[in-house]
Every structure is written in structure tokens, then in C-alpha cells.
Amino acid sequence: MSLLEIKNLTVSFDTAAGPFMAVQGIDLAIEPREVLAIVGESGSGKSVAMLAVMGLLPNTATVKADRMAFDGVDLLELSPSERRKIVGKDISMIFQEPIASLNPCFTVGFQIEEVLRFHMGMDRAQRRARAIELMKLVGIADPEERLSSFPHQMSGGQCQRVMIAIAIACNPKLLIADEPTTALDVTIQKQILDLLVSLQAKYGMGLIMITHNMGVVAETADRVIVQYKGRKMEEADVLSLFESPKSNYTRALLSALPENAVGDRLPTVSDMMFEPAPSAAGAAL
Amino acid sequence: MSTTVLEGKNIVRDYHIGGGLFTGPRTVHAVKGVSFTVDKGKTLAIVGESGCGKSTLARIITLIDPATAGELFIDGNKVDIAKHGLSKDMRRKVQIVFQNPYGSLNPRQKIGDVLGEPLLINTDKPAAERRDLAMKMLKKVGLGHEHYNRYPHMFSGGQRQRIAIARALMLNPSLLVLDEPVSALDLSVQAQVLNLLADLQDEFQLTYVFISHDLSVVRYIADDVMVMYFGEAVEYGSRDEVFSDPKHSYTRTLFAATPRADVASIKARLAKKKAA
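Protein chains in written order, with the numbering used here: chain A, 1 to 285; chain B, 1001 to 1276.
If you are wondering where the hints come from, they were derived from the structure by calculation, not from laboratory data. Be a bit skeptical, because a hint or two may be false.
Unchecked claim - Part of the chain B face toward chain A, derived, beta carbon under 8 angstroms:
{"id": "1", "residue": "Leu1187"}
{"id": "2", "residue": "Ser1188"}
{"id": "3", "residue": "Ser1216"}
{"id": "4", "residue": "Arg1219"}
{"id": "5", "residue": "Thr1253"}
{"id": "6", "residue": "Thr1258"}
{"id": "7", "residue": "Ala1261"}
{"id": "8", "residue": "Val1263"}
{"id": "9", "residue": "Ser1265"}
{"id": "10", "residue": "Ile1266"}
{"id": "11", "residue": "Leu1270"}
None of the values given here were measured: they were computed from a predicted structure. Even for Gly, the Cβ is constructed at its ideal location relative to N, Cα and C.
Isolated chain B (complex conformation) (with noise of 0.2 angstroms):
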């Protein structure tokens, strides 16, 4: 019954660094063959610190740079955007919401424009339509007909997401990348983004790609879960798996790095505080 929407199979991304005056040419291996699978409608969540190549991995999915080597599939089709370039029916299909909402939005551009902007490039519908598709879209994620001929800065930092969201959305895409998407928002913000993500996900049968270094959101919202470190992929399995049964030692580290917040470790901390 399940479908796959996604599949990578061992994905290398290098960068060709030129040489300066003193300094020779230098490669950068940033992905090193991935391969991961996901269904339709589940979550693969990546972790991993900076510069260990999730977000490049991202931008290899979304279409946006070519993978060095490797082959990657979408609904089945191998994809070679540096071949054979980028269909408007394949960007349809992949969209992405990127980590700073403050950033990825054009301050000169209104809120209706901002979502009927994708319809524009990539499809033929008239403007009326376009309209009309980007006011029932902001009611999708929770903001209002009034939103729509405001600029960004009129919005706090969840809605901007929101807005995000609602931009990637507009196509109607099988997936959906998300590149650390409630990171730099606050704890509370951080929960309705992360409800109204996974309603999109249960009303769209959306497949979500989902990029993060915090692992207390990554348990919640991911089905799989991939650990990247340097490049390769450490650790890959279900959710449950990694999380009881963590194999490699980087996995481990990240584990033992985050902070818990439970009475019982708390008390724990407390208790070696008085004997030190």
C-alpha cells in the first residue's frame, strides 16, 4: 500500500574549492553516499551538527543543486537536474521551508503576492484564481484574509513560518522539505508550528524531510531517523530504534549533550552539586 516518494541512493555532494595565490585547488567531500527511503505520508528526520551536511543533503532533494553522484528518485522518477535540468512539473512537486523566517521572506513584497508567486512562475492560472488559492491557503495555516496585503514585517516570527509553510504549499507538493524549520522560534510558538505541520501533513498526505539538531522535536515528529555526522550517515532506522537503541558513539554523544528537563535529573544534578 505504501508508496515511496522519496529515495537516495548513495548521494555524494563535492565542492570544488579553486586555489588562492598561495593555496591550491581543495575538494570538500560535504555529503559522502546517503541513501535513505521514505514513504508517502511519513517523516524522515535528519540530525546533525553544523557543517555535517544535512542542509546541503536538503538542497540536493529540493532540486536546488545537483548531487555529485548517486541517484536520486522522486514518485518513482530518477531526477538529474544537471543533466536534463528542472521541469516545472518536478518543482511542483518538491518545496521547501527554509530555517529563518526573517530572512526567506522578500520585505518588499506583500503577503498575497509572497503565495500567489509560485502560481505565477509555474502554472497558467489567471489572477483571480491566484487569489483566490492564496486566501484559502492563509486560512490553511491559521492567519486571515486580512493578512493578505500585509508586508512581512508585520508579523512576528511564527507567523512568518506560517507564511513560509503556506508559500511552500501553494503548488500542492508530495514533499516537503523542511531545513530546521521551528529552530529559531520560541518554545510556544515552537509547539503550534509543529501541530500545524503535522495537520498539513494528515489533511495534504504530505512526506516531510525534516532537518534539525534538536533531538526532543525530532522524536516527536519524525517516523525515521537519519543521524549525519562529517558527511555520512551514522545512524539510520525508525524512530524507536535510534532513539532505545542508539549504535554508533556519535549518536550517543548528541544524546548525552541535550539537555533534559525532567525532575529526576535535576534532582540528580542537585544532589552532585552539595557533595562537590
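Bound conformation, chain A alone (with noise of 0.2 angstroms):
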């Protein structure tokens, strides 16, 4: 049984000029133990699908699916009580940006701790005990001291294993990262990816990559979902999509990597595809 089975899955939102369509039918599935990586542009609709999955868009989104299912359990029944157990818990999400996703109010470890609190129901005691267990896993020296640091205290890369850390807190069956290491260097970007990785082999779990870096799905999936303008493009492991990538636009977006430029100009996108309607967007490639 897949881990989390999407099938059909649209997303709009409510404007001014009428329903806007992020998502236009996307099905999707992940196997337990799976590393996927949906790669897009901005406006794909990678991050949308997976905050719907989550339950976190605003209230002028509509969701709507055949079947979102995690783990047997139908998401779009549950009573949004019952959804809160299961997200963050069994499901959790790291986001872009990590300085702007923690609460500056308060210490690392209050937010660590937070979760433990909500989910586990965990004494003081162990939820320090288990703070302190969560923040060597992912890395951080010292963690006793470091427990009352606040975010403004900490790099950028050490801000985003903290968001690590209070996402695997409750041990995950899921876990998607949502351009984890865009806003970082690329030394401290190679860090946070194999402490991803090595994390997702130890507990087994899900993980799902949202990125736009070619490179970063290239060091990380097994399977690779490409998405354009709210559709799927294709869907491959990863071997036989950069091997042999069967839609155009993939093709695209693999020239338009500098290192694989010929000559000196770079093909872009739009070079090898004309601008389809955005109605049509899907249908016309």
C-alpha cells in the first residue's frame, strides 16, 4: 500500500478575476522508504499540492480529489481535529526558508519541545531529554546550551537542522521538504541534503523533495515527478530521466543547466517550446 496516494488532485484559489487553477489534476504516490523529488518552476504547483496534502493553504484555496489517502486513511474525511493529529506528527513538512518558519519569540528547544508536548504528551523531563536527543541527531554541537538559543542566535544552516529536528520529532512516516536548501551555500546546502538522506535511510521514512534544482534531485531521488504550469509532465526514476527524459520540457529545463551549455548561448525553456494558453498549458505539450 503507497504511503500517501493523490489521484486526481486540483487546487484553485479565489480571485478577483475568478478561480485561479495552481493545481490542474495531479495524481502522485509514494511508496513507504521512497525518496521522490517534484521538480517545477515557481507557479508549477509543487508547493501548493503539498500544502494541500498538509491542509495549510488559506481559505480562498478549494481543494478538491478523487482520493487523497495517507497511510489508508482518507484525508478530505477526516473532521480538521482528527487531520492535526496526523499532520505534524506522522506527516511533517519543512519549509524554504528556515529563519522566517521559526517563531522568534521563543528558544529552540520551547519549539522542539512544542511538538513533543502536542503529539506525545511527554513530560518535562523527557521532552528535554528527547530535545536534546533530536538536536545531536541532526547535528548541532552542544544541545544542552544550545537548547536555549534563540533563532536569531543561529546560522541559517544550523536554523534549518532545528526545523529538521522538530519535523522528525514524533518519528514521521512522512516527511516533505519544500526547497530546503534554497536560501543556503552551497557547502552548508550539501550538509542539510545528506543529513536528509541519511535520516530518511536510518527511520525509513517517506521523503518528498520540492525543489527546482536539477542538481539537488540528481543527489537525492528515486523517482522524480516534473511538473509545469499545475500539470504533471512526467514521471520517471531518476536514472532514466536525465538518461532519456521523454517530454519536452523536461529536456528543457535539463539544457538550461549552465554546465550543459553548448556553445556560448544557453537554451531556455522557451527556445524549445512555444508559450501554450494557460488554460491548455497541459494538453498542448
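Starting from the two chains in their separate frames, assemble the complex, guided by the hints.
Written as C-alpha cells, this is what we have:
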């Protein structure tokens, strides 16, 4: 049984100019212990689709799906309070801007322990012990001291490590990482990616990596979904995607990598495909 | 034949941080004696991670901040803004494009005014001529006349970066400092902006100082590469030298950390995963 199974997901936002379809009929399945990468440019609906799974979209969004099941439980049928028991515990998410995702008014220790109190019902001593264990796990030096640090006292890479600690605090079955390294330097990016992949293997989590960086995909994923303007362009395992991309869009994305430049011009996506009308985006390709 | 547009000798920049109630004053050595030369029509790339002093160096080259010590020559003339201030002529020679196109454009200023303002401040051209020049520049960077009266929020990230580049080129500078111009952009938009920069360089014989932490972009655009680490230039040479034979251990770390998107390295990773 798939860990997360989504069939025909559509998300639309009410805007002054009528409904805007951010996600138009996406199918997705992830198995336990699998690393799935969702690739696309801004506006491709990759984050919105995952926020819909988490139930984190604003009221202006309408989420429809034929099926959206996590571990056999239909997420669409759940009441908000039942859903809150799953989100943050069995499915958790880390975001792009680590410094913006942490609350500046509380110590990182408090923010890690908050999850443990809410979902695991641990007492104070257990929470502290587990928080220290988690900080060690994500590679923060002197965890006892750092628990009482505030987010502004830590670097971007350390904040992202704290975010990961919060996300894995309740041993989730599925971790969704939304552009986890975009705001970080290459050397830190490498460390964070290595950490995510090693934690994924150690705890047998499913991991969904949302990214626009083909390098990150190549370094982490087992399977890849390519999205463009709210539609799925291609789904393949990582090797065949890079070896023999099937859709024009994937080919265009790969050739826009600066390291693949031929001569002194970079091919751009618009060189390789015409700009389709927004409503017919997927069909035109 | 080649003329040197920019030369820096032993540039140092210290920041003095005043002490608080319980701490004494401190000095941060942001740039510790960096030297470089860039010839006309060439691109020098400065690479390094956050906090290594690359943006401080960019501000010194752009004549925004003075250097604490060292000499800076632009078109062969020594410039020292700490002593002599900055003349309008000097300002016209060097321009900068910043990293975040969302933050570097005034949200209440129309694009036409964004492009006209450098001319208004630094030249005495009449309004009609400023308008003509702005229209021409919009065309040059791949936008149209209809964009003249729009506000920044009506543009995408890539278009905004084109506007920022257009604004920098309004005064016909000889030297353009690009502070991470593509790191906030998507892959395909990044390719368009890099192509635009290459075209403009050919057309106007521009000299670029290109600051980045993305080595694959640097390898594509640079002629010379300088790698900075904690305020020092640990490696400086032609692109091919630096990429084929990195001397300093930090450069090698940087290369090893860059994710590789080729089939061979994916195969190696998958094989390793299977074995584990």
C-alpha cells in the first residue's frame, strides 16, 4: 500500500479575476522508504499540492481530489481536529526559509518541545531529554546549551537543522521538504541534503523533496515528478529521467543547466517550446 | 590591445563595531588585502559563501563604501571616495545590479521613472530625451514600450531583473557589478538572463564583476575566477586554471559540495545506496 496516494488533485484559488487553477489534476503516489522529488519552476504548483496534503492552504483555496489517502486514511474525510493529529506527527514538512519558519520569540528548545508536548504527551523531563537527543541527531554541537538559544542567535544552516529536528521529532512516516536548501550556501546545502537522506534511510521515512534545482534531484531522489503550470509533465525514476527525458519540458529544463551549455548561449525553455495558453498548458505539450 | 578597466591593489575593509554596555568595541576584517585586475570586455567572477566578504568587495568596487586601505583604479584613474568624494563622471562609469529584484525596485515608482532617474540625477538631459533613452533600453533588455508605465509588482522575477539591468545600463557604464544577479531566479529564467548579459557584454563591450556562489553559473560566464574565504582571496586565476586544477583546499571543498546533475554521478550514487 502506498504511503501517500493522491488521485486527480485540483487546487484553485478565488481571485478577483475568477478562480485560478494552481494545480490541475495531479496524480501522485509515494511508497514507504522512498525519496520522491517534485521538480518545477515557480508557479508550477509543486508547493501548493503539498500544502493541500498538509491542509495548510488559506480559505481562498478550494481543494478537490478523487482520492487523497495517507497510510490508508482518507484525509478528505477527516475532521480538522482529527487531521491535526496526523499533520505534524505522521506527516511533517520543512520549508524554504528556516529563519522565517521559526518563531523569533521563543527558544529553539521550546519550539522542539512544543511538538513533543502536543503530539506525544511527554512530561517535562522526557521532552528535554528527547529534544537533546534530536539536536544531536541533526548535528548541532552542545545541544544542552543551544536549546536555550533564540533563532536569531543561530546561522541559517543551524536553523534549518532545528527545523528538521522539529519535523522528525515524532518519527513521521512521511517528511515533505519544500526547497529545504534554496536559501543556503552550497557547502551548507550539501550538509543538509546528506542529513536528510541519512535520516530518511535510518528511520525508513518517505521523503518528498520539492525543488527547482536539478542538481538536488540528481543527488537525492529515487523517483522524479516534473510539473509545469499545475500539470504533471513527466514521471520517471531518476536515472531514466536524466538519461532519456521523455517530455519536451524536461529536456528544456535539463539543457538550461549552465553546465550543459553548448557554445556560448544557453538554450532556454522558451527556445524549445512555444508558450501555451494557460488553460491548455498540459494538453499542448 | 587590452585595456585594464578595473584594478584593485591590496584592498582592505574593516568594520568597527562599537561596544555595548558590557562588551568592548570590536573590529571585523571583512576584506583582508585583495588584489585583482579586469580587462575591458572580460568577466571576473568572485565566488564564496555568505560572510566571506564578496558583497563588501562589490560595494567597494561600485564606489558605495570606501576601502579602509588599498588602492582602486577605474579606467586607470585612482579613486578614493573617502578623501575626494564621488564625481558624477565616476558614478556613470560603475553601476551595480543587486541580488533580489523584488527588493531593489521602488514599488511606487513606474518603470519609466526607474529607468529615467539615473539620467535625471547624473546628467542634464531634458525629459523627452530621457524618455526616448528609457524606451530604447527597454527594447534592449527584451521588454516592450507598453511596460514603460507599469509598476514593479506587475512583473515577474525575471522581468524585474531585466529592469534592474536596464537601469544599471542607462548611464552607459564601462563596468557593471552583478551581485548574485540570478540566484533568486528559476532555472529557465536564469538561462534567459545569463544570455541577455552575454549579449549586452558583446554589444557594449561591458566589463563585468560577477558575484555568485553557484559554480556552474560561474563556469559558464566567467573569464577569470577569484575564490574568497573569510575575507581573503584563496585562489585567483583564469577559469580553466581554477576549474581544472583547484589549488586551495577550500576551492576543492566548494567543488565537491556542488551537486552534480550528470548520469554518471547518479549511477554512482544509486550503486552506493544499493550496497548500503
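Hint check results:
1. Leu1187: holds, 5 angstroms
2. Ser1188: holds, 4 angstroms
3. Ser1216: Cβ of Ser1216(B) sits 4 angstroms from chain A, so the hint holds.
4. Arg1219: At about 7 angstroms, which falls below the 8 angstroms cut-off, the nearest Cβ of chain A leaves the hint on Arg1219(B) intact, so it holds.
5. Thr1253: holds, 6 angstroms
6. Thr1258: Holds - the Cβ of Thr1258(B) comes within 8 angstroms of chain A, reaching about 6 angstroms at its closest.
7. Ala1261: holds, 4 angstroms
8. Val1263: holds, 5 angstroms
9. Ser1265: Given a least distance of 7 angstroms, the restraint on Ser1265(B) holds.
10. Ile1266: Where the cut-off is 8 angstroms and the nearest Cβ of chain A is about 5 angstroms from Ile1266(B), the hint holds.
11. Leu1270: holds, 7 angstroms
Going through the hint list in order, the structure satisfies each hint without exception.
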